Amino acid sequence: MDTLLDFLGTFFFAVSGSLLAAHRGFDIVGSVLLGFLTGLGGGVIRDLILGVTPTAFSQPIYLLAPLAAAGLVFFLYAAVERLPRTLLVFDAAGLGLFCTTGATKALDLGMNPVAAALLGVTTGVGGGLLRDVVANRDPQLFDPNDLYAIPAMLGAAIITAAWFVGWRHPVTQLAVGVLVFAFRLASLRFRWRAPRAVARRRHRT
Amino acid sequence: MDTLLDFLGTFFFAVSGSLLAAHRGFDIVGSVLLGFLTGLGGGVIRDLILGVTPTAFSQPIYLLAPLAAAGLVFFLYAAVERLPRTLLVFDAAGLGLFCTTGATKALDLGMNPVAAALLGVTTGVGGGLLRDVVANRDPQLFDPNDLYAIPAMLGAAIITAAWFVGWRHPVTQLAVGVLVFAFRLASLRFRWRAPRAVARRRHRT
Amino acid sequence: MDTLLDFLGTFFFAVSGSLLAAHRGFDIVGSVLLGFLTGLGGGVIRDLILGVTPTAFSQPIYLLAPLAAAGLVFFLYAAVERLPRTLLVFDAAGLGLFCTTGATKALDLGMNPVAAALLGVTTGVGGGLLRDVVANRDPQLFDPNDLYAIPAMLGAAIITAAWFVGWRHPVTQLAVGVLVFAFRLASLRFRWRAPRAVARRRHRT
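Chains as they are written, first to last, in the numbering used here: chain G, 1386 to 1590; chain W, 1386 to 1590; chain E, 1386 to 1590.
Fair warning: there could be bad hints in the mix.
Said to hold, decoys possible - Using C-beta positions, here's what the derived DEER-type ranges look like: (1) E:Pro1445 with G:Gln1444: 25 to 31 angstroms; (2) W:Ala1560 with G:Gly1456: 32 to 38 angstroms; (3) W:Val1550 with G:Trp1577: 29 to 35 angstroms.
Claimed, not checked - Anything over 12 angstroms on all C-beta distances counts as not near chain W; from chain E, calculated: (4) Ala1463; (5) Ala1464; (6) Ala1491; (7) Leu1514; (8) Val1518; (9) Pro1555; (10) Thr1557; (11) Leu1559.
These are calculated hints, taken from the structure and not from any lab test. All figures in this text were calculated on a predicted structure; none of them were measured in a lab. Where a beta carbon is used, it is the ideal one built from N, C-alpha and C, also for glycine.
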């Protein structure tokens, strides 16, 4: 179940990568590679920091996720073409699942609670950040028009707190993942924003 | 011999980095740094995933490669100026050597075959991807007008298969490296392409 | 004292990240995240290469640095608004401290002198490079109009030499850090430049 959630998160993120590849006119190989990087990049960073072999390499079954994602985008792009909305929904689903599975894995491996929550956030936002950086566009993570990191932080914090009071069931993870997903989509829908980086409104773009 | 091929691959990639630095008007230090990142970046990523100290740091002799590359570009840029073709040739040579040495190292360290082939590809495309990302341009890896990852995948797969049937001689590596190099250049020359990321032709750029 | 210098370097780099976030119109969360990436990214890369748990995760106290930096920028942006000069000064302070603490940590963990000096440079330039890459702008590291890597290389080399003759006092680190800081600022003030990447002046931009 734990692995299933992680696999699902990988798939959702991989779809967001393949959609971006389609949007940018990449070929099918680029679609697989960008899906791979988006779906598995956050987990690779997490595992390197945890000092374990990245699951993308120790468990090759995960490679099916970017392959399936690229296939889905290849055949169903016409149906899901309402970009960038579709991309954002898949990205949000990946975010929700990864911030919870990332924090859980860090806790299971004995990290302190602050680091575990931080690693949950890193896992959640890392893949999307890599996707945007290698596709040479401004990262969604830094878009000031909605909330991205805050839902992930909240989710990772809840999971960490729940872990310490003994709620370690995958259903808890799933529930928190859905909460993060809903929070993220709501911030897009209702244009929730965080305060600007400066107290005064003036800034140069 | 194994180390020699790896060193040569580092040098070829480093030349591609230094050529890009020259092309962008960087200074000689930027030329060395971009050569370093291109030549040694893929191997550093590979070694971090394998959990060993990156050779760039454990064997400082490798640092001679980016220094030599920057020197070569400094003195011979006029002769090799037909950019970007020259850059592409050096990049292809690095790709050919690295996808084979990367896969071999992973196999020697006990990775499963799928992960070993994947690490060969990662080693091959990683340095060039870092080069393009830090130089803030669209990665060559994602250019839909030729084949880049497919030759690397093929080479890494052949090396992995050969390793399992007992052909582990450096000459095998060299031969496969040359094959990948030729395949990559042929794809540039004859404009071989992979199918687009979407079945329908329509896409927005 | 050692930790204090490292914390200060983290803070200075984090301020440079938060200033860039303010400059780009990011929100307060983006300011914290970019400060985190700039302040702690170089050390995370260093620690991954050294094969130890990154201090950003093992010692959560370091997280106070990007929080304080984002707070400082939030309230005092009007006072420090003379961008990009202010950003460059904080960046230079981080560079000075990190190239010395990075090399020292590598030496303490038994790296060879060349690798230690190189890791000092990596720690010094890594955070700023990550900052510029994720903010999708040309890295300061490669700006040919001043010297960036050379002061860091000099500082890391001095620290390494000093370590081997037995001068391992934090005051040595601080002194070398100040030297690097002054060297970097002087190169900005007096427009010191390194030779171009090519002997001939002609190059295409």
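Outcome of the hint check:
1. For the hinted restraint 25 to 31 angstroms between Pro1445 of chain E and Gln1444 of chain G, the CB-CB distance of approximately 29 angstroms keeps it satisfied.
2. Remark: the range hint 32 to 38 angstroms for Ala1560 of chain W to Gly1456 of chain G is upheld by a beta-carbon distance near 33 angstroms.
3. Between Val1550 of chain W and Trp1577 of chain G the C-beta distance comes to about 59 angstroms, which lies outside the given range of 29 to 35 angstroms.
4. The Cβ of Ala1463 of chain E lies farther than 12 angstroms from every Cβ of chain W, with a closest approach of about 30 angstroms, so its non-interface assignment holds.
5. The beta carbon of Ala1464 of chain E is kept farther than 12 angstroms from every beta carbon of chain W, the shortest such distance being approximately 31 angstroms.
6. Not every beta carbon of chain W lies more than 12 angstroms from that of Ala1491 of chain E, the smallest distance being close to 8 angstroms; the non-interface claim is violated.
7. With 12 angstroms as the threshold on Cβ separation, the claim that Leu1514 of chain E sits away from chain W is violated: the shortest Cβ distance comes to roughly 6 angstroms.
8. Separation of Val1518 of chain E from chain W is inadequate, the least Cβ-Cβ distance of about 6 angstroms not exceeding the 12 angstroms criterion.
9. Pro1555 of chain E, annotated as away from the interface, keeps every beta carbon of chain W farther than 12 angstroms; the closest lies near 24 angstroms.
10. With a minimum CB-CB distance of about 23 angstroms to chain W, Thr1557 of chain E clears the 12 angstroms threshold, and the non-interface call stands.
11. In this structure Leu1559 of chain E is separated from chain W by more than 12 angstroms, as the shortest Cβ-Cβ distance comes to about 25 angstroms.
When held up to the earlier numbered hints, the structure conflicts with 3, 6, 7 and 8 and fits the remainder.
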